[in-house]
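Visitor: Construct the complete structure from the given sequences, taking the supplied hints into account.
2 protein chains.
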Amino acid sequence: MNILEIINKKKNKELLTKEELSFAFNGYDKGDILDYQMASLLMAITINGLTEEEVFNLTEIFIESGEKISFEGFDYVDKHSTGGIGDKTTLIVAPIVAACGIPILKMSGRGLGHTGGTIDKLESIKDFKINLSIEEIKESLIKNKIVLVGQSANIAPLDKKIYLLRDVTSTVESIDLIAVSIMSKKIALGAKNIVIDLKVGNGALVKNMNDAYLLASLMKKIGTKFERNVSFIISNMGNPLGLTIGNSLEVLESIQVLKGNGAYDITNLSLVLSAKLIEMHKKIDFKEAFMMAKNALDKGLAFNKFLELIKNQDGILGSLTRAKNEMVIYSQKTGYITSIDAYGLGVEAKNIKAGRATKEDIIDYQVGIELHYQVGQLVKEDQPLATVYYNEVKPNEEKILKCFKIENEKIENKLILGVINYDSN
Amino acid sequence: MNILEIINKKKNKELLTKEELSFAFNGYDKGDILDYQMASLLMAITINGLTEEEVFNLTEIFIESGEKISFEGFDYVDKHSTGGIGDKTTLIVAPIVAACGIPILKMSGRGLGHTGGTIDKLESIKDFKINLSIEEIKESLIKNKIVLVGQSANIAPLDKKIYLLRDVTSTVESIDLIAVSIMSKKIALGAKNIVIDLKVGNGALVKNMNDAYLLASLMKKIGTKFERNVSFIISNMGNPLGLTIGNSLEVLESIQVLKGNGAYDITNLSLVLSAKLIEMHKKIDFKEAFMMAKNALDKGLAFNKFLELIKNQDGILGSLTRAKNEMVIYSQKTGYITSIDAYGLGVEAKNIKAGRATKEDIIDYQVGIELHYQVGQLVKEDQPLATVYYNEVKPNEEKILKCFKIENEKIENKLILGVINYDSN
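Listed in order, the protein sequences are those of chains Z and W.
Residue numbers are given in the numbering used here: position 224 of the first sequence equals residue 226, and the series is strictly consecutive.
Residue numbers are given in the numbering used here: position 45 of the second sequence equals residue 47, and the series is strictly consecutive.
Because the hints were derived from the structure by calculation, they are not lab data.
You can trust all of the hints, since none of them are fake.
One copy or two, it doesn't matter: identical chains are merged, so the pair holds either way.
For lysine-lysine, the following DSBU-like pairs were computed, each having C-alpha atoms within a straight-line distance of at most 30 Å:
1. K20 / K396
2. K11 / K404
3. K407 / K15
4. K20 / K404
5. K313 / K128
6. K401 / K11
7. K285 / K296
8. K32 / K163
9. K401 / K32
10. K163 / K15
11. K209 / K194
12. K382 / K404
13. K11 / K209
14. K326 / K396
15. K70 / K313
16. K11 / K162
17. K401 / K15
18. K401 / K20
19. K11 / K416
20. K15 / K209
21. K162 / K15
22. K11 / K163
23. K404 / K326
Guide: Below, the structure is given as structure tokens:
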């Protein structure tokens, strides 16, 4: 077998056998296949796609590249977001669910393209330990019911490697590779019930509803193949979620949400995702599950869980700071905000180092963008639309301003676009 | 500008501006854009293609990445082959044309995919100097009328870099990138009249006549844009050209052709290519030009030119050797050879180190395959079909044997499939 012939086959839209996929991907894992060859193969896969059989095989290769977690007779849930601008729901959903007595183990990734990763956010918390051993994970899961870790405990290590390369070669927006990446980690991690927050819009990996349904359908098929229940909340990522973009800023906002002072959009989506997990795990009605979630938030139980989590993983919350330099972006007219370009703000946030452009880039946790208005709100001329916190790289004022569309007619920001339920038997 | 956005645009079949192409390609030249990013972009270009405007712009970027040769009032010709298995026509055509008094300056590349490069062949000649300064080139061109050099005298250096990366990322078979690569070097090299030997078949970069016409038409357009005359001979590369594959072996065969003892196919194609150059340069009839070429070959003038070339560039011919280990491939039946799989033999030759699989691979000049029969000939059971010369890597006997198709009916091997003339005014 020869890597050039394998790349060539995919370039010509031919089917790759399990052996060929293994030769390429496990070869890359071992270092026999080089970065530029994998980059070329990934682009061919991104453009020409994979068949279902190739997807199942690649998922298995990813799973088998590392350890699999499974705690005999101990059920826990998992939640995933396909990544959006300002998406900090994991930091809110996990404490809510755990506060309802349901164990949740969440393994998160780093920044992907123009979107931020949950692990980058957690790392902005001083000393927060993102790497736990399997023993530590099990212990914490039983004791605290909540564990948030990085993708490093030898779970699908191949996915981590491929993920970093995709991030810097514009091959993140592949339905097939996204499905394999997400599902291989979810399956290796052992949760029986999984909710996926599938973001759609120009700020997300998935740009339209058609792709969202394709991706959901493919992930559900992978779930069935590997005996997992998977449900999907399809949510709008045309506008940023909540009021902040950037690592420390997003943790600070999550705390506000957990204290009951969050913006409506981020609060409500977090409750829906939590309720879906509670519904699946407890096999109860969605409405009942939603009330349980809301109660945990309103009574401060979720916030206490969050503090417990930080303490359990050695984090020091008080250390969270914003960058010292501030640039205030002022509205140039009076009107209703009809859209905020999530993708555009994601790119600008990346440019000031809130995200990565190359594999070797180091993120600046303190920088980011804070919005003072959301879609649907009225803003007056000369009012501050946003504040940008930055260090070395000065933000591009003009480009950020262009992300805000202000018009005379008010429009509604519809956040939840669809729900795809797991097949309950 | 951002490389990820540029790759993304091409992935989505969008047009790249000249500035974006320059950012990506000149950035790669400077080392700002990394191998894996360029590999990803090259695959997106290979699959999604370039527009004519993008092709013109990229050609200019390649040309401007280095020096341009132009000797005021001094016309010379150039010849190019798109590369086939066993193609050593440059080693024969250049001496014929020069023997007819027409200056020829040929700059050649290294091995590309499963095909060998002329420079690799020349380097199998001990001490042969493949790098000459512009001054040395001019001097030799005036004195000897013949110069064969490597792609290193700072002519389109960006092409050389991209060429090496394409070679190891399965992005060689792109009509657009082939056109840009060939034409940028031809134009920078300053020849007014150019003949391109466009190979078609499973052993060539171009697999079918349709792609051949597309490529020829695109190169002719680039020629017109940059004021050059370009003609094309479309020749069959379903079967290997001549009797040898591998560097030293091919030089030894070229000497046989120049001495008048060559196989018919390689001898005739070399004469046609030479005649086309003579026709264009002298503005005479093709038939007359063909007679001039044949005369130069028959009278030994071309062979003398070849010896002059080797001497002028410090080569020592006597040093050419084959690898010591021999594997003889025997026919398992009696019949006519109806096809010899050029691509298959090219891959096997590469596997025993006659070619490169990765950028860093070192070629073994002594190894290769010598055919004892060509298509159309009768072979008897147990007769030797081929001899493989090898060093460390043992050849795959079974795979090589499979390249020969032997049947009861004799078929004719049609070598020249078409001619596309330059627009003479």
